[in-house]
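Engineer: Now for the letters of each chain:
There are 2 protein chains.
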Amino acid sequence: MDYISELTEKGKDAKQAARKLATMSTALKNEALLAMATALENKQDVIVAANAQDINRAEANGMPKPLIDRLLLNQTRILAMAEGLRQIAALPDPVGEVLGGWLRPNGLAITKIRVPLGVIGIIYEARPNVTVDAAGLCLKAGNAVILRGGSEAIDSNKAIAEIIAGAAYAVGVPAGAIALVETTDRQVVSAMLKLNQYLDVIIPRGGAGLIKTVVENSTVPVIATGTGVCHTFVDVTADLAMAQEIAFNAKVSRPGVCNAMETLLVHEAVAAQFLPAMLERYHQAGVEIRGCEQTMKYHAAVKPAMAEDWAAEFLDLILAVRVVSSLEAAIEHITAYSTCHSEAIVTSDYEHARRFQQEVDAAAVYVNASTRFTDGFEFGFGAEIGISTQKLHARGPMGLPELTSIKYVINGNGQIRT
Amino acid sequence: MDYISELTEKGKDAKQAARKLATMSTALKNEALLAMATALENKQDVIVAANAQDINRAEANGMPKPLIDRLLLNQTRILAMAEGLRQIAALPDPVGEVLGGWLRPNGLAITKIRVPLGVIGIIYEARPNVTVDAAGLCLKAGNAVILRGGSEAIDSNKAIAEIIAGAAYAVGVPAGAIALVETTDRQVVSAMLKLNQYLDVIIPRGGAGLIKTVVENSTVPVIATGTGVCHTFVDVTADLAMAQEIAFNAKVSRPGVCNAMETLLVHEAVAAQFLPAMLERYHQAGVEIRGCEQTMKYHAAVKPAMAEDWAAEFLDLILAVRVVSSLEAAIEHITAYSTCHSEAIVTSDYEHARRFQQEVDAAAVYVNASTRFTDGFEFGFGAEIGISTQKLHARGPMGLPELTSIKYVINGNGQIRT
Chain A
1 MDYISELTEK GKDAKQAARK LATMSTALKN EALLAMATAL ENKQDVIVAA
51 NAQDINRAEA NGMPKPLIDR LLLNQTRILA MAEGLRQIAA LPDPVGEVLG
101 GWLRPNGLAI TKIRVPLGVI GIIYEARPNV TVDAAGLCLK AGNAVILRGG
151 SEAIDSNKAI AEIIAGAAYA VGVPAGAIAL VETTDRQVVS AMLKLNQYLD
201 VIIPRGGAGL IKTVVENSTV PVIATGTGVC HTFVDVTADL AMAQEIAFNA
251 KVSRPGVCNA METLLVHEAV AAQFLPAMLE RYHQAGVEIR GCEQTMKYHA
301 AVKPAMAEDW AAEFLDLILA VRVVSSLEAA IEHITAYSTC HSEAIVTSDY
351 EHARRFQQEV DAAAVYVNAS TRFTDGFEFG FGAEIGISTQ KLHARGPMGL
401 PELTSIKYVI NGNGQIRT
Chain B
1001 MDYISELTEK GKDAKQAARK LATMSTALKN EALLAMATAL ENKQDVIVAA
1051 NAQDINRAEA NGMPKPLIDR LLLNQTRILA MAEGLRQIAA LPDPVGEVLG
1101 GWLRPNGLAI TKIRVPLGVI GIIYEARPNV TVDAAGLCLK AGNAVILRGG
1151 SEAIDSNKAI AEIIAGAAYA VGVPAGAIAL VETTDRQVVS AMLKLNQYLD
1201 VIIPRGGAGL IKTVVENSTV PVIATGTGVC HTFVDVTADL AMAQEIAFNA
1251 KVSRPGVCNA METLLVHEAV AAQFLPAMLE RYHQAGVEIR GCEQTMKYHA
1301 AVKPAMAEDW AAEFLDLILA VRVVSSLEAA IEHITAYSTC HSEAIVTSDY
1351 EHARRFQQEV DAAAVYVNAS TRFTDGFEFG FGAEIGISTQ KLHARGPMGL
1401 PELTSIKYVI NGNGQIRT
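Those protein sequence lines, which keep their order, are chains A and B. First residue of the first sequence: 1, per the numbering used here; consecutive thereafter. First residue of the second sequence: 1001, per the numbering used here; consecutive thereafter.
By construction, these hints were calculated from the structure, which means they are not laboratory data. Quick caveat, the model's predicted, so the values are computed rather than measured. By construction, the Cβ of each residue, glycine as well, lies at the ideal position given by its N, Cα and C atoms. Careful: at least some of the hints might be erroneous.
[Unchecked claim] Once the Cα atoms are required to be at most 27 Å apart in a straight line, the calculated DSS-like pairs of lysine-lysine come out as:
id: 1; chain 1: A; residue 1: Lys12; chain 2: B; residue 2: Lys1012
id: 2; chain 1: A; residue 1: Lys212; chain 2: B; residue 2: Lys1015
id: 3; chain 1: B; residue 1: Lys1043; chain 2: A; residue 2: Lys212
[Claimed, not checked] Short derived list, chain A residues pointing at chain B, Cβ under 10 Å:
id: 4; residue: Ile113
id: 5; residue: Glu162
id: 6; residue: Gln187
id: 7; residue: Ser190
id: 8; residue: Arg254
id: 9; residue: Ala353
id: 10; residue: Glu378
Make the full structure from the sequences, and use the hints.
Structural biologist: Now the structure itself:
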């Protein structure tokens, strides 16, 4: 089947399924999620065998080890995917929530109700666990989903999608509700981005290149996720021991993720006291430090930062460090280079804390905590479909409510407009 | 100045201004809105003179009378624009509203706060009152705005923008907060649609052609507004007198707007009783009726409906009428042809009312009322920037809260992620 036919057929079926999903009971959705979890556990061998094909192909193509590791599925990872579905089943159903309501002077009763978005397209890269995650979250929020994973994981994704969709359909979820695009032709992505007839939204999950392609080419509304050039500012009144722990955690605990710090800003009045030990600790941890001129005075390992380092999302053990003259200078730097993801200040000054949180424009603005907490689970959402870095529809970690829209239902007794 | 330079300069200034607007006090914003209103009143002669240039040009170009009327500004209309600004000043400020908050087990206090979107681009057509309206709403919600009106209204828009921006800046609104694109070159629209560096969102206001161009070409997130193929279904148990009033009002009270009904659906069991009088009333009111075969039996004036009539947004005294066999058939028809704007059922059956409101996917779903109520003022929002027909970010009438985003502020005392 050519990819246009495949997309059209899956789009049509998904749209049909979405109508039924919109009014499906929470009980049935949860039953489906639990059945999907059990099916994953029961068919581990099928998944592992399919995954082996992907792994073999990747090795033959010389894929780097860390990427092969992301692709790999073993018992632990399959059980974790199943557990994820059970957690989604345990979350409250966002659909049907009454968000407000009022009576108009003419007697019309208006009620604002949470409804599913409809059909969600997810475009993602190598990790096959996204297949399960995204399908589970979309289903719980009453949406049909069309999944397009990376071609490297196609055998794993096909096996997983068949297992979970089959389990869901067996308990009464309408066919077409969980669809995986099987064509690996890259052109299928371009076609998906123009599938306005069937898709209500596209959420890309992956690297900056994927996000850019989707944002630039999609006519379907997009929720852009991901890119994080995050800062931590150590203010003049900071508890420096706390600042060291926060700044170390923000960079080193998991450098490859979007909420990791990329640039450390230090007030000049505490630079001499704070930076030598801090930089040595980074150095010991294998962090490459790219600093401004002042920073270079405090440790021999500091390389000079280039202009592009201030805007870089390193996603690695690399850190840009800059000494700034004031809170205002720190906010100016952040405003110039931030991707508006997560920003932190370490301070003991009430007014500085207040101003930083008011004036810094980002999805998450921290006082005296690590930027690493920007995450659906750490926020207590119990799930996460991604972290939005746009301001429209959703911002920051997106849980189930962010996968919904609203509808106004209006009850009258014959009102007409004069 | 070429249009790229103009857009870049205005974009940069708007972004700078947006930072200050984000933390501007409600009192100052209201003072600015009132000053803008007074300035419009005081400089009516300037506006009328500028408008005369637009009108002269339009007449010379042979613009049709109804369009010239939309372009015309007189004292009544200028006073109404000023009054609109005073109404916006009287509305509650959405910025800073705490939408929720919670304490995490690790002691992090998370608060979700409403913040402005940033810089909003508005692309609109002939009516110059949008210049005032959009500027006022964006300012109240703390956003900078870049306005691009139709070239037909350029002289009026320039005069209005200069007057209101001048009045706002004089009381302390930062320069650049209210910008009008002065280049009339059509290419400026294409360039605006790619201005991701400066624009957080684009809202097109106008006909289906404009909306389509924006949706298809914008890389900036868009809120699509407008198109309304709205239905009214007269159910078997309908109070037929009520149904006639509602169906007449929905079509005839203002046929040129998006919430007007375009197709009337009638249950076959009441068609013989309902349609003859209904169709005669439409006929008397000058409505052209395009009906299905069954409809044609009930009035001599009914022309046969073509396939494309079921999907048409006539925006005129034209109505498609179809007899259907059941509630399900009505919902099927609506699902196939609706633009998900406003849909109504007239019924006395509780279960049919419930099912219609649950199963019909639209921004506003009415029981026993006219679709004409889908409107920010009729909903009680006190303002309206447009009616969203997409599901992302906003759906239905958009007031001030729909011109905002959110931010999470997180307060800790040294939390790091393990």
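Engineer: Decide, hint by hint, whether the structure agrees.
Structural biologist: How the hints compare with the structure:
1. A:Lys12 x B:Lys1012: violated (43 Å)
2. A:Lys212 x B:Lys1015: Holds: Lys212 (chain A) and Lys1015 (chain B) sit about 21 Å apart, inside 27 Å.
3. B:Lys1043 x A:Lys212: violated (46 Å)
4. Ile113: At 9 Å from the nearest chain B Cβ, Ile113 (chain A) passes the 10 Å test, so the hint holds.
5. Glu162: violated (29 Å)
6. Gln187: With a minimum Cβ separation of about 19 Å from chain B (threshold 10 Å), the hint on Gln187 (chain A) is violated.
7. Ser190: Status violated, d = 14 Å.
8. Arg254: holds (8 Å)
9. Ala353: holds (8 Å)
10. Glu378: holds (7 Å)
Checked against the numbered hints above, the structure violates hints 1, 3, 5, 6, 7; every other hint is satisfied.
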